[in-house]
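Sequences listed follow chains A and B, in order. Residue numbers for the first sequence follow our numbering, so the first one is 1 and each next one is one higher. Residue numbers for the second sequence follow our numbering, so the first one is 1 and each next one is one higher.
Hints in this document: simulated from the structure, not taken from any laboratory. A few of these clues could be false.
Said to hold, decoys possible - Simulated coverage check for chain B against chain A, where a stretch passes if three residues somewhere in it have a Cβ under 8 Å from a Cβ of chain A:
{"hint": "1", "stretch": "97-111"}
{"hint": "2", "stretch": "172-186"}
Stated by the list, open to error - Derived list of chain A stretches under chain B, where covered just means 3 residues or more per stretch with a C-beta under 8 Å from a C-beta of chain B:
{"hint": "3", "stretch": "141-149"}
{"hint": "4", "stretch": "213-220"}
Said to hold, decoys possible - Counterexamples of contact, computed for chain A against chain B with all Cβ distances above 10 Å:
{"hint": "5", "residue": "F6"}
{"hint": "6", "residue": "P16"}
{"hint": "7", "residue": "V21"}
{"hint": "8", "residue": "I25"}
{"hint": "9", "residue": "L28"}
{"hint": "10", "residue": "A37"}
{"hint": "11", "residue": "A47"}
{"hint": "12", "residue": "P98"}
{"hint": "13", "residue": "L112"}
{"hint": "14", "residue": "P165"}
{"hint": "15", "residue": "P171"}
{"hint": "16", "residue": "S173"}
{"hint": "17", "residue": "I188"}
{"hint": "18", "residue": "R251"}
{"hint": "19", "residue": "Y281"}
{"hint": "20", "residue": "L308"}
Glycine included, each C-beta is placed from N, C-alpha and C at the ideal position.
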Amino acid sequence: MTFGRFVARRIAVLVPTLLIVSLLIFALQQLLPGDAAVALAGEEQDAAVVAAIRAKYHLDKPWPAQYAMWIGNVLRGDFGQSLRNRIPVAELLAAKLPVTIELAVASMLIALAIGVPAGILSAARKGSPLDLTANFVALSGLSVPHFWLGIMLILLFAVRLGWLPASGFVPLSESVRLNLASILLPAIVLGTGVAGVMMRHTRSAMLETLGADYVRTARAKSVSERMVVLKHALRNALIPVITLGAIEFGRLLSGAVLTEQIFAIPGFGKLLVDGVFNRDYAVVQGVVLVSATLFVLLNLLADVLYFLANPRLRGH
Amino acid sequence: MKRLLRRPLAIVALAVVLGFIALALAAPYVAPFEPNATDFRAIRKPPSPVHRLGTDEVGRDVLSRLIWGARASLLAGVIPVAIALSLSIPLGLLSGYAGGWIDGLIMRVTDAMLAIPFLIVAIALAAFLGPSLTNAMIAIGIAALPIFLRLARGTVLAVKTEEYVEAARAVGGSHARIAVRHILPNMLPPIFIQVSITVAAAIIAEASLSFLGLGQQPPAPSWGSMLNAAQRYLSQAPWMALYPGLMIFVIVMALNVLGDGLRDVLDPRDS
Chain A
1 MTFGRFVARR IAVLVPTLLI VSLLIFALQQ LLPGDAAVAL AGEEQDAAVV AAIRAKYHLD
61 KPWPAQYAMW IGNVLRGDFG QSLRNRIPVA ELLAAKLPVT IELAVASMLI ALAIGVPAGI
121 LSAARKGSPL DLTANFVALS GLSVPHFWLG IMLILLFAVR LGWLPASGFV PLSESVRLNL
181 ASILLPAIVL GTGVAGVMMR HTRSAMLETL GADYVRTARA KSVSERMVVL KHALRNALIP
241 VITLGAIEFG RLLSGAVLTE QIFAIPGFGK LLVDGVFNRD YAVVQGVVLV SATLFVLLNL
301 LADVLYFLAN PRLRGH
Chain B
1 MKRLLRRPLA IVALAVVLGF IALALAAPYV APFEPNATDF RAIRKPPSPV HRLGTDEVGR
61 DVLSRLIWGA RASLLAGVIP VAIALSLSIP LGLLSGYAGG WIDGLIMRVT DAMLAIPFLI
121 VAIALAAFLG PSLTNAMIAI GIAALPIFLR LARGTVLAVK TEEYVEAARA VGGSHARIAV
181 RHILPNMLPP IFIQVSITVA AAIIAEASLS FLGLGQQPPA PSWGSMLNAA QRYLSQAPWM
241 ALYPGLMIFV IVMALNVLGD GLRDVLDPRD S
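One chain only, chain B, in its complex shape:
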């Protein structure tokens, strides 16, 4: 952490991410309007002192919807990664530690999942599960699973033959104890880096699914669904398209910079 704090770019990125989290939490207090309150006297009005970022096709305040939309986007960044982690760490430990046919089976399925591009897995799953934010998050979580699984297993294989693990085994440590006490801590650095990158990918994936109508359902705000509506009024109301995309861009960029910073700090080989 200390070494991370010495990187100005990573600090800025971390501050941006924390800022977004604060914004999402404080949405009811900082949003100037109700996110779903329509106003038919103010349809597609350009930015003004009242509606600082303009209004949308039914007169809703774009700024307020952006602020509330941060909730959907951040949730969709964090929950799928939590799903992927909670399944992949135990499975990765099992796969790497047990070896043999269990490892073979798990890895073949992982390879197969990696063969289908991330967004396609998410779209196909969301399509079959039915459109909703929850299903989109499940779909993205499953799509992210193989990346973490392979990472977790790789670390186990690398650490398993280290002397201190051999020593723990020699003094009679149980398999479960060795896995949790000795192997798990070594998995964390690469997983931290991957988490930061995957949260970014998940936010884009949620925006993409919502843009297609497979994620957050109207009238609830999400940056992706705001862009979907904006596309139809591109020439009359370009502000509707500009700001949601900028929000996604900024948070994803911050997460990627943070990921790079973490890699430099935690992975001495690459720096």
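Bound conformation, chain A alone:
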């Protein structure tokens, strides 16, 4: 299959998926108890406001018509207006996304720096105390509730030791040093969880390639063990790890909900939670839709990387 056809085929699946995602998100609105217009108006129960919302969102029309109008606006970049801030949801999304991306990148760097080397070492010394310890630590990273880990880190580094700020966010444009200090703890919290996943996948991919025939051949040619592990086995083992990295990055973009909340990082997650509490449903729908779209696109990227990195797929 040529690269062009491969991508075209993936995109052909992606479009209906996103369409159904948008339908599901739109359908959430139907779950609101009682009159949607009253619920959407939130605390403001003024009849004029309710009537205005009913007219604006065409809530008096049947739902397929409502959906068509909503998705039409969304495709033009109009996610509606935040009831709380009285500004377009699209503006809020554009303002918060860079913060979340920065946090996700920082977390990913931490995850890669810990997870991949730990996975390689674990596989190379399978069954050793080092392997068992690494496995245990990885499983802990997967099992610990991140928001609690965040609270504990705040307790230790901010409250007890006073080394780092407890919460709050300094934009990169203001001060690089303070910015890094403000995202360090949240990035550790998110990064350790992903590191656990990375370690386990790197380990099992390495074990698979280390047992492959071509690696046995390399060993038979008395290539040094170090070269066998780092050059022959690692190169192929990294293919699934790269794919996983892209998927985990997508998860980080949206999975930071509670971590952002705890550290008061003004990103996507905090926007979602604030939207939920203010009953600002247009914001909630906007965040979920953009998160899902990013997630789907990163999955596409993962597939593309997998295709490009795997010569066996390219040949056919």
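Assemble chain B onto chain A, guided by the hints.
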């Protein structure tokens, strides 16, 4: 089961899970205090012989609330998974067995649900349904649905063309009979593994929703809502934050170890 019993780590994990279940069931007998009994002479007191794990912001005993909170957490682990299973097994059977446009439709919706991260689905659903433990469990159950559905369908597709299924069809077995007698039993091993992992994920999800105020409502105890309250008194009463999180950590870890053990035993390809 026998092979599982030969894995010491899995045994410990199983014992921990059973221990938590026993604790939740015996809550009225083992909790030293009423979980909601306030005591304004004992506000945010550190651990002492009377209140072994300290007291919270209105003088409630943290240990007693932890023990009672196990009920909410375990329920929130099991019920969403039961919801997800009861919907996904029939739908997965239907999808994999029927094929064609039914399969296409079900799988496109599954793909779409998988495109939205688990916790986001749960938060969004809980937000629109309204905050309560029941709604949180429904939200988590729906969020977990696509994982099981895809798993169930995958097994059907793998087994459908096996010779013994063909044979059953050749001797005139009805579709329903083949689905239940021959295909369903094959679905169970991968589903067992996934159940263990998803119960763990559901417990974290409930804690997360309760932490945000979208799950268990005060004053009823839940580990997540205890952490929510604890966050405000971090410097004065750190014990309020320490123990609920440890409980979640331990049970989730045990369930994940159990899941790994089950995978090693039931899925020969991975071991």
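Exercise for review: Quick one: which hint numbers does this structure break? Sort them smallest to largest.
Suggested key: 2, 4, 6, 7, 8, 9, 18, 19
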